[in-house]
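**Student:** First to last, the protein sequences are chains A and B. For the first sequence, the working numbering assigns the number 1 to the initial residue and increments by one for each residue that follows. For the second sequence, the working numbering assigns the number 1001 to the initial residue and increments by one for each residue that follows.
Since the hints were derived computationally from the structure, they do not count as laboratory data. Just so we're clear, the structure is a prediction, and the values are computed from it rather than from any experiment. There could be a bad hint or two in this list.
Unchecked claim - Below, a list of computed lysine to any residue pairs in the SDA-like style, where the Cα atoms sit at most 20 Å apart:
(1) 67(A) x 123(A)
(2) 1187(B) x 302(A)
(3) 1187(B) x 48(A)
(4) 1187(B) x 293(A)
(5) 1289(B) x 1233(B)
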Amino acid sequence: MATVTPVYPATRRNTELALLVMAVVVATGAWAVVGLTEDGRLPPGLALYGGGLAGLAVLLHLVLRWKAAYADPVLLPVATLLNGLGLVVIHRLDLSSSRTDQAPRQLLWTAIGVVAAGAVLWLLRDHRVLRRYTFTAMVAGLVLLLLPLLPGIGRTINGARIWIGIGPLSFQPGELAKIVLAVFFAGYLVVHRDALSLTGPKLLFLRLPRARDLGPILVAWLASVGVLVLQRDLGTSLLFFGLFVAVLYVATERVSWIVLGLLLFVAGAVLAATTFSHVQERVAIWLHPFAPDNADQSYQLVQGLYGMANGGLLGTGLDRGRPDIVPFANSDFIYSSIGEELGLVGLFAVLLLYGVLVERGLRTAIAVRDGFGKLLAAGLAFSVTLQVFVVVGGVTRIIPLTGLTMPFLAAGGSSLVSNWIVVGLLLRISDLARRPAPEVRNGPGDTGVTQAVRIP
Amino acid sequence: MNRPLRRLSAVVAVLFVALFASTTWIQYFQADSLNARPGNSRQLYAELGRDRGSLIVAGQAVASSSPVDDPYAFQRQYAAGPVYAPVTGYYSIRYGTSMLERSENDVLAGTSDRLFYRQLSDLLTGEKPRGASVDLTLDPAAQQAAYDALDGRKGAVVALDPATGDVLAMVSSPSYDPNALASHDTKAVQQQWNALLADDDDPLTNRAIAGDLYPPGSTFKLVTAAAALETGNYEESTLLDGPAELDLPQTSATLGNDEGTACGPNDQVSLIDALRISCNTAFASLGMKLGADALRSQAEKFGFGQDLSVPMRVTPSTFPADPNEPQTAQSAIGQFDVRVTPLQVAMFSAAIANGGVLMKPNLVRDVRAGDDLSVIETPAPQEIGRAVSASTASTLTDMMKAVVARGTGTRAQIDGVEVAGKTGTAQHGAGLPPYAWFTSFATKGDRAVAVAVVIEDGGTVDSAYGGRLAAPVAKQVMEAALGG
């Protein structure tokens, strides 16, 4: 008999299933509460909604069991709960608005997002395949970024030209660009990390990079400024540049890149704040939201603050506050909507969920063995962090308000689908990080595995 | 690459901690002050569907809510909107509240603790909670007279009952129509709001209590005269130096009379005549003799530096902190950095009319609730303190009567009533038209009224300017308040 019994790490798929059940129960319960508060009975859409969310989650769970058994067990339940909570708040806002079709649309987009994540897991057996498409990703990223500028399909919505529209559908290609650019950054930097980590002149305690290596960071900076100028989109610009600098730092381990990146960022910010009126306006309402002269421009921010203050520690309870007063309460300002009705406690729960999501992503980056995987996982996880920080920081006045969306929570198809793809990629990378080496499984020795194959 | 990944995790942790902190800051520490902000209409939304109480003047509602068939259930209405707007303020779903709508909000909305027992009984009888109404001290005749007399000119009028501090009239001009801001048509309200904000004349500001402060000009000579009489070394016949021009110490500048002539023979003038013809040089030299501290202390007794709420907050009037001698001379005639509200100037006259005792100005007569509007609370008149002794008050009264009988204020004379008053013409910058002031009081039977009028624009520099422009306004208000 075999003398070596290989130890297989637990797949932890059952843990994931248990967590998923909890996530679906919490989200469905919240939906029921909205209905009970609104007209004292269980809402008719409860079965469709609860069942839909549960079905989609279980579908992805089964794909994981089959195609990525060793994937991280926490990512999917966290994403499901955030997505479910977002659906509840969007539905709740539908009830007090003239547009009542947002929640069904969001559920449809959830389905598309989950299917997209499943497709990633199904078709992409090894994330390292993506490395081959490094420069394809770059081109795709640029095209996606530039699409909204094309006459005909580009659309300006609420002042930002970041949408494309075909017929009645509109989509923000920048959300997808985030993913392909993360692939490009990881693929490019894993190759060039050695050159980029060579040091040049020393300044004080800092070893500066060589002047000839400054090309990539300057290109990234110029592209970000370009997004800011041409599309008037502060958030996307910030997201791309922050993502690039973070991945560059992880790849090279050189603090000087961060310092350089921050300097370029400050220069860009000062430039933007002194040159562009739309940026100046954002800064003005950030600093003086209550000034009477800003009353109309800062209306959304101020109403969001009033909503959060109204929520206080425990919130008014679902469907008992007035989050609908805030413009875009179900997308840009879904954070203040949750704050009003679920209180500080609810927001802490939401932030913790994001924290866990990001932590799992970074843990995957540390665990995975290949450099490309590390950079990609870190980039994706950090992009979620940046996005949450930019949105919540804008709503709570840490930084000026910009136009990004809360991952999984905010109403909006492009964001939802992109974030499910991000989770799909992280699941795939985490599966590879934890999966035992195939040599052990197919190694010599007559193990149960090979016997099982013989039995018809 | 694991070391930078761990550091990146630390950065992520810091970012999240910042979000936890900012969220806690807003939802917990800032929550109360955000909830209390004037522009926060969430309070209004919470009150929607509630019957908000009225603001009542002499039995007629000047602000009231009536049921309408829209999501807000009630529409706020202002009868004679612009006349009372500086007092009522507005109640706007988009832009919040101001003036009494704001400072009496908890009573009007019915959320005040003062209404607790009544609310409790409503709860037991199953009645919907209703706001209480506030009965104002305003005299509709005086208010209308003041509004009509200003006739849209930039300025303000305040009339007080000297014995109680009741505000009989409070007008700020130009005014606005609060109905336009209370509308439920958001677009129209937004347009109206922006137009009002863009208006250089600041119609939303209540100039009587909360606008930019004014230099009081010669009306401040009442304070200087009071300070002199209070020392016991002066009486109305005491002779003062009143040359055509007064050399100011420490500078090459001089301070002159508007006519460019001396105020009396041999450059000497009695205190009463100095006030009657509003002699600058006499009061400037008197001010230097008394000193800045004596002037400031007397001004404070008249109410300077006090944080008053009537119940709207009143901007405190100020006397310069540490003036040198020429600055003291200018302060003594109400120039330099002396700054007042029209209400403060009315308080000069009110205190003198009330035998030297200054009463706290107040707009609320009583609070009423229920179907029968029964009175549930009546604030008692409050004394701020004694501004001057009874004998000083009586001397000042004589002197002010002389101003109206045969001085700069003859246009305020009323048949059959002895009027006491003081004119003022306040410079506030070279080339700008001066502010015209008049403050006065009169008694007829058991009725008494003290008035202050300021008119900002028009005319040229002229010592009788305050007497010519502002005194007729004061006269009409006094006549209305005294009952014709």
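**Student:** Now tell me if each hint is right for this structure.
**Tutor:** Right, here's what the structure says about each hint:
1. 67(A) x 123(A): holds (9 Å)
2. 1187(B) x 302(A): holds (18 Å)
3. 1187(B) x 48(A): Violated: residue 1187(B) and residue 48(A) sit about 39 Å apart, past 20 Å.
4. 1187(B) x 293(A): holds (17 Å)
5. 1289(B) x 1233(B): holds (12 Å)
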